[in-house]
Each structure stands twice: as C-alpha cells, then as structure tokens.
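Using the sequences plus the hints, can you model the full thing?
Heads up: the sequence lines are chains B and R, in that order. Residue numbers for the first sequence follow the numbering used here, beginning at 4 and rising by one. Residue numbers for the second sequence follow the numbering used here, beginning at 165 and rising by one.
It is possible that some hints are incorrect.
[What the hints assert, rightly or not] Taking CB as the label site, the calculated pair distances span: (1) T24/B with P224/R: 43 to 53 Å; (2) P111/B with A240/R: 22 to 32 Å; (3) I208/R with S76/B: 24 to 34 Å.
[To be verified] Derived lysine-lysine pairs resembling BS3-like cross-links, with alpha carbons at most 30 Å apart: (4) K280/R with K211/R; (5) K211/R with K236/R; (6) K282/R with K180/R; (7) K180/R with K236/R; (8) K150/B with K180/R; (9) K225/R with K132/B.
[Stated by the list, open to error] Listed next, the stretches of chain R that the computed footprint assigns to chain B, with coverage defined by at least 3 CB atoms under 8 Å from CB atoms of chain B: (10) 172 to 181; (11) 272 to 283.
Hints in this document: simulated from the structure, not taken from any laboratory. Only a predicted model underlies this, so the values are computations on that prediction, with no experimental measurement involved. Using N, Cα and C, we set each Cβ at its ideal position, and we do this for glycine too.
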Amino acid sequence: MKLEELIVTGIRHATTEVFSTMLGVELESAEVSIEAGEPEANDGVVSLIGLAGPWVGTGSVTCSPEVACRVCSQMLMTEASAVNEEVLDAVAELTNMIIGGVKNGLEPELGALCLSIPTVVFGKNFRTKSAGTAEWIVLRFPWDGDKLVVKMCLAQAEKIHPILHAPTHTCALEI
Amino acid sequence: MEPDVLVVDDSAAIRKILQRVLHQTGMGIHTILEAGNGQEALEILQKQRIGLVLTDINMPKMDGIQLLAALKASPAWRDIPVVMITTEGGETKVGEAVRLGAAGYVRKPFTADQIKEKLVGILEPALPL
Numbered sequence: 004m005k006l007e008e009l010i011v012t013g014i015r016h017a018t019t020e021v022f023s024t025m026l027g028v029e030l031e032s033a034e035v036s037i038e039a040g041e042p043e044a045n046d047g048v049v050s051l052i053g054l055a056g057p058w059v060g061t062g063s064v065t066c067s068p069e070v071a072c073r074v075c076s077q078m079l080m081t082e083a084s085a086v087n088e089e090v091l092d093a094v095a096e097l098t099n100m101i102i103g104g105v106k107n108g109l110e111p112e113l114g115a116l117c118l119s120i121p122t123v124v125f126g127k128n129f130r131t132k133s134a135g136t137a138e139w140i141v142l143r144f145p146w147d148g149d150k151l152v153v154k155m156c157l158a159q160a161e162k163i164h165p166i167l168h169a170p171t172h173t174c175a176l177e178i
Numbered sequence: 165m166e167p168d169v170l171v172v173d174d175s176a177a178i179r180k181i182l183q184r185v186l187h188q189t190g191m192g193i194h195t196i197l198e199a200g201n202g203q204e205a206l207e208i209l210q211k212q213r214i215g216l217v218l219t220d221i222n223m224p225k226m227d228g229i230q231l232l233a234a235l236k237a238s239p240a241w242r243d244i245p246v247v248m249i250t251t252e253g254g255e256t257k258v259g260e261a262v263r264l265g266a267a268g269y270v271r272k273p274f275t276a277d278q279i280k281e282k283l284v285g286i287l288e289p290a291l292p293l
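Now the structure itself:
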C-alpha cells in the first residue's frame, strides 16, 4: 500500500475510533484532499504533534471554537461554552490519541516513530506550515453541521538517528 | 483496606476521565490522587501510601517509563502495581514497560470496561479475603 493510502486509512480509522470510544460519537466519512503550496488561513483551534524517527513530520487537528467546546463537553461530560484551558487540553488529548493511533498503524511499515507532546493554538487568521514538507494529507470529518480537520505531513528523514528524544521543533507557525 | 490510586498523566482531561471511570468501577478505591508527570508522582509517593499507579508514557520532565524504572528500583515502592495507559502501541515502549515490571497496559482510546477488566486482575489478589 502507498504511504498516502496508509496515512488516509490510519487517520480515518484512528479518528472514528477515538470519537466512538471517548466521545460516544459516530463520525460520518471524511472528505480527503492533498494540500500543497501556500497554507490556508485558520480561525479557531489547531493542535499539533511532531513525529520523528526514520520518517519525520507533523500531525494536526483543526476545528472551530464551537467544535472544540463540543469535543470537551462530550469527552469530559461537562459543560463547555467557551474555549478555556480545559477545552484546549481536551483537544490536545484528542490529537494525541488520533495521531498516536495513526503512528501505531504506520510503524510496521515505516519503523519505530516517536511523538512529541501536543501544542495547541487558539486564535484568528493564523497559518501553520511544516518546515520540511510541501504536502499535507487532509481529512475533513463533517460533524453536526461543522467539521473537524485532521492533517498529516510525513517525509523520509535525511539522516536516520536512533530515537532518543521526542522532537521539539517540527513545525513553523505563523500567527 | 481499599487502595489509594495515583493517576499520572500530563493531560488534565485524561486524569478527569480516569477519576470518573475509577469511581464507576465499584472496586472500592479509597482515594484517587493526580500527578502531571513522573516527578510529581514521586513527590506524592514520598508522602502517601499508594496501592496502584496508572501512568501515561509520554510526559514532560519525567515520562512513564522513567517513573516505572524508579518505582521498581526502590525497595519501598517496587511492589506497587503500575498500569501503563498510553497511545503507544509500538513494541519498543510497551515491551520496555513489560520488561521493567509493568503490571498491565491499556491503549488509549479506552473504554471504562477495558480499565475495569485490567484492574480486576491486579487489585483483587491484593484485597483481603
């Protein structure tokens, strides 16, 4: 199977599994696309995790503030009406579980990979850009009239190092 | 005596979910304490008698593998069962945890039943007949 197909299958499986298990939500099927060139501007919440090892890259989850609050409410069984620390933490953990699930699915093909701690940004009109890769594989999951976007970019490492530490800087962020 | 449980995860969301799940298990857990990383967990362990540790693997400052190694190296703490709850599914880290003496492993995402099933086998032998 091609890497692109592996990533699409991995994101689809991990995202639906996390939503079903942790949020009690059955997601509809996602629209898949490849994003290249100048990244789109974002409004809302984006959560990023770096991947390192024989392949390097970034996984991200992007959503509106309303979807972020809904994720927090469903996951923690609590009321969340505005983006606060608890909401950002819930989105970070959601990202950790989704990208972690994708990583687990890729490892038999690509070798052992390492995940960084998630970083979450909440703001308006910001762009995220991977420093090393031109293309992102993007899956847009519709959810109750809104959407949750899961993206990943991955490229073979130029020089393979044994994994000693999680990556610290895999993503350039323009705010 | 009901055990005190220490939940170690850098995600407050996961700590909150595990608090709820542990209370729902009906296993007579006495108190649930929380730490955000391995270092904080060791500080709690120095002050409080703990019967079970549930820990994430990937955490800042001191990760779950380092925490497990520290517990197993200490005569005072080596008998405390440690269950790893993590997104890690690769054999490298899970295998390392097993080699170091982890009592069990639950992969995130998890259901309440999966946590309960794992804890029944670990806690029941320690409960008085």
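Unmet hints by their number, sorted upward, for this structure: Of the numbered hints given earlier, those the structure breaks are 1, 2, listed in rising order.
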